[in-house]
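Visitor: Each chain, written out:
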Amino acid sequence: MLKIKDLHVSVQGKEIINGLNLEVNKGEVHAIMGPNGTGKSTLASVIAGNESYEVTQGEISYNGKNLLELSIEDRAREGIFLGFQYPVEIPGVSMTNFMRTALDEIREYRGQEPLSAAAFLKYMKEKKALVEMNAKLNNRSVNEGFSGGEKKKNEIFQMAMLEPKLAILDETDSGLDIDALRIVANGVTKLKSPENATIVITHYQRLLDYIVPDFVHVMYDGKIVKTGDKSLALKLEEKGYDWIKEELKAK
Amino acid sequence: MAKDEHKIIGEVTTTDYKYGFVSDIETDSISMGLNEDVVRLISQKKNEPEWLLKFRLKAYRKWLSMTEPNWAHLKIPEINFQDIIYYAAPKKKKELQSMDEVDPELVDTFNKLGISLEEQKVLSGVAVDAVIDSVSVKTTFSDTLAEKGIIFMSFSEAVQQHPELVKKYLGSVVPIGDNYFAALNSAVFSDGSFCYIPKGVRSPVELSTYFRINAANTGQFERTLIIADEGAYVSYLEGCTAPQRDENQLHAAIVEIIAHKDGEVKYSTVQNWYPGNKEGKGGIFNFVTKRGLCEGDRSKISWTQVETGSAITWKYPSCILKGDNSVGEFYSVAVTNNYQQADTGSKMIHLGKNTRSTIISKGISAGKSHNSYRGLVKVNAKADNARNFSQCDSLLLSDTCGAHTFPYIETSNPTAIVEHEATTSKISDAQLFYCQQRGISPEKSIALIVNGYAKEVLNKLPMEFAVEAQKLLSISLENSVG
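In order, the protein sequence lines correspond to chains A and B. Just so you know, the first sequence maps onto residues 4 to 254 in my numbering. Just so you know, the second sequence maps onto residues 39 to 520 in my numbering.
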């Protein structure tokens, strides 16, 4: 589904990612872990198409397409979803209006008829239940006045609405209390299918108790330096990252 | 902002005006230029009584002694007032009994604008007094309104049928010498709408007028007079689009509103005159004087405007709060794009006790445009416990546009409470990225964010108008991300 080869990314002349390789197939859950400032969020932004980052080398293919040639919105319409670490507020734009616009655009891209107002509202209600969202969500402005937990739940709600093929969750667990974490993780798990894939970027092992990854990657200094299964995450939790740094030095 | 965003804002702001077309209707006009004979001729063509001719002549003489105002934050090209046709009326073939008899060209024009008279009549329950150029062509629903004693007709008809009302109120809120353009209008106004709601009557429908400049080189000098008698209520809608032109066209209208004791008038405008092309050529000069007088106690006048058109806008809908406990409101969204200039705002003059006023102004600037808010809140010495709240927000969509705020506050009463809040913001890259990441195109993302920004004002508009206004905001800002 997603193939990243020798990716190099710079921001304002500074190289953040240097020579990253990653392959994600449908049905898989990948966790990316690593210390702060090693390029995890940058990777997520680049896949989504954020233009603040410059890809200087390498390629990303997605379902056979050259992802780097697609606009931000076309990537989204092709099924890429980014759960933001810091979701922005859009004052005056109701969640209903926002989601309706997004879904209409995506459906149009896929050659589908727009949903009727009634069908849309019913659909929205179902998805809200999935993340135990407040019934009042519809008329609230996008993320405006939302608590930290609500913002993250809202990201998962949007993911449920848009049914992506590849979801990238950028530190969706940070700042969540244990109940919110459970709700968010359950939502993600319920949305999992053999047809879609998930990349979870996280600092903490605890999220991976709920969302069980097939692969755990450790990112350090702009590239993936170690890949393993769930046990790697447990080891990181226990020992921190220093042993990996030691290993790298030894090489 | 990111470069793509620049490109898109660039594209959005360079869209051609979507309502630019000229309809081919026979027009009866007089020759160019202005002098006392032209004023007399207009009055004569309209078969006006002597007092009205005197009113016009007095205004004309006053106008001659005045000079164009230059205090606004606007660059106005020199206007040759002798280069303008001051009267043009579509030729009437016969009296019209039904819609079938309306000139098909005219109906076509309305259809292009999405304003079918029939549809308006049947679907929305809005009585429409459609003004093309200067003469009122069709008035609907007048029977329904007549049953309630509501007078809603063209200004010319009102002069003939209700001269006592016109004479009593004309110029009572905007005196002939009020300002340069008001004096000009008072001398040469062609037609407009007249509305009188009698004591205790609530208008069952929203009264609506569509203005449209049509004949080439015809200045548009509309005159509107709305009176809500004691305890009366009316919601009045004014919306307009104009055909595409190369030459600048002058539009100097006057709207006067009077609200008596417990009377209420809600006046909503969607203004979409031709703004000129993307190089700043052409477009309407919109120099309008709109003022309401809250004459009686507990009366209320509310202005809501969505301004997207015109090359230059000079407009300050105001309220004179004379009655005790009277209320004045002003809600505005002004969009400027390309080379458009707008200097708009409101004046709230507190004269009575416990008077309250609210000003909410949302400016949106794109391209190389300039958008200014100018407002005056004045509290008279006798206006005990007057309150005002003003909020002026500016949203910038480009690095090349300008937003300015000129608030004036004058209070002569220590009990007055006047609040002013102002913000300036830019559409953030983060907001756009967020929307686009959800599959929304950059154009729609901007429309979404801008409409959200303007929501507080759009919510004040009647339902159908709000939908139209939302579309207009999107259209006006197409290709404007940058």
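Simulated from the structure, these hints should not be mistaken for laboratory data. It is possible that some hints are incorrect.
The list that follows gives simulated cross-link-like pairs (lysine to aspartate or glutamate, EDC-like), each with its CA atoms no further than 20 Å apart [to be verified]:
(1) B/K464 with A/E81
(2) B/K237 with B/D267
(3) B/K493 with A/E116
(4) B/K493 with A/E92
(5) A/K154 with B/D467
(6) B/K482 with A/E116
(7) B/K482 with A/E111
(8) B/K464 with A/E116
(9) B/K482 with A/E81
(10) B/K464 with A/E111
(11) B/K482 with A/E92
(12) B/K96 with B/E86
Just some of the chain B residues that point at chain A, by a computed CB distance under 8 Å [said to hold, decoys possible]:
(13) L79
(14) K83
(15) Y491
(16) K493
FRET-style restraints, in silico, Cβ to Cβ [claimed, not checked]:
(17) B/E185 with A/E116: 39 to 49 Å
(18) A/G148 with B/Q198: 29 to 39 Å
(19) A/K128 with B/E185: 51 to 61 Å
(20) B/Q198 with A/K128: 28 to 38 Å
(21) A/K68 with B/K464: 28 to 38 Å
(22) A/K254 with B/G440: 30 to 40 Å
The beta-carbon is built from N, C-alpha and C at its ideal position, and this holds for glycine as well.
Visitor: For the hint on B/Y491, just tell me whether its beta-carbon gets within less than 8 Å of chain A.
Guide: With Cβ-Cβ at 6 Å, under 8 Å, it holds.
Visitor: Are the Cα positions of B/K493 and A/E116 separated by 20 Å at most?
Guide: violated, 28 Å
Visitor: For the hint on B/K493, does the least C-beta distance to chain A fall short of 8 Å?
Guide: holds, 4 Å
Visitor: Do the Cβ positions of A/K254 and B/G440 conform to the proposed distance bound of 30 to 40 Å?
Guide: Violated, at about 58 Å.
Visitor: Are the Cα atoms of B/K464 and A/E81 separated by 20 Å or less?
Guide: Distance ~29 Å between B/K464 and A/E81 Cα, so the pair is violated.
Visitor: Does the Cβ pair B/E185, A/E116 satisfy 39 to 49 Å?
Guide: holds, 46 Å
Visitor: Decide if the proposed pair is consistent with the structure: B/K482 and A/E111, CA atoms, cutoff 20 Å inclusive.
Guide: The hint holds at about 14 Å.
Visitor: Can you tell me whether the CB distance of A/G148 to B/Q198 sits inside 29 to 39 Å?
Guide: For B/Q198 against A/G148, whose Cβ atoms are near 57 Å apart, the range 29 to 39 Å is violated.
Visitor: Has the given pair, B/K237 with B/D267, been kept, meaning a C-alpha gap of at most 20 Å?
Guide: holds, 5 Å
Visitor: CA of B/K482 to CA of A/E116, is that 20 Å or under?
Guide: Holds, at about 18 Å.
Visitor: Can the hint on B/L79 be confirmed by a CB-to-CB distance to chain A that is less than 8 Å?
Guide: violated, 51 Å
Visitor: Would you say the C-beta atoms of B/Q198 and A/K128 sit inside 28 to 38 Å of each other?
Guide: For A/K128 against B/Q198, whose Cβ atoms are near 59 Å apart, the range 28 to 38 Å is violated.
Against the hints set out earlier in the document, violations occur for numbers 1, 3, 8, 10, 13, 14, 18, 19, 20 and 22.
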